[in-house]
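Visitor: Put together the whole structure using the sequences plus the hints.
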Amino acid sequence: MATITTDGVSHVANLARLEFNEEETEDFTEQLSRILEYIGKLNELDTDDVPLTSHIHLQYNITKADVVKTSLNRNAVLANAPEVEEGYFGVPRVIDTA
Numbered sequence: 007m008a009t010i011t012t013d014g015v016s017h018v019a020n021l022a023r024l025e026f027n028e029e030e031t032e033d034f035t036e037q038l039s040r041i042l043e044y045i046g047k048l049n050e051l052d053t054d055d056v057p058l059t060s061h062i063h064l065q066y067n068i069t070k071a072d073v074v075k076t077s078l079n080r081n082a083v084l085a086n087a088p089e090v091e092e093g094y095f096g097v098p099r100v101i102d103t104a
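So for the sequence shown, our numbering puts the first residue at 7; every next one is plus one.
Hints were generated in silico from the structure; no laboratory data involved.
On a predicted model such as this, the values are computed, not experimentally measured, just so you know.
Ideal Cβ positions, reconstructed from N, Cα and C, are used throughout, including at glycine.
What you were told as hints is all true, and nothing was included just to trick you.
Beta-carbon label-pair distances, calculated as ranges:
id : residue 1 : residue 2 : range
1  : Asn86     : Leu58     : 49 to 57 Å
2  : Thr53     : Val74     : 48 to 56 Å
3  : Thr103    : His63     : 47 to 55 Å
Guide: Take a look at the structure:
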C-alpha cells in the first residue's frame, strides 16, 4: 500500500503553489494517508465479474427537432425598441473608440 510523508505533502503543495505551516502539513499527511488506506481497501475487492462503467446513468442529449420557421418581422420587433440605430437596437456605447 502506498504511503505519504510530510515531505511528499510539502512537495505536492509546492507544485500547486500552496503554502502550509507545519501543523497543516501534518494534518494533510494524516488525511491523505487515510484516503490512501481506504483506496487500498477498495483495491482488495474482487471486481472481475463487474462490467466496466463510465457513467452510472445512461447519457444522452435531449435536443429539440431542427425545424425551419419564419423569423420575426424586423420592423415589428424594432417598433417596441426604445431606440433604433440604422435598423438595429440602439444601445449605450460601452467602449471608447478615441
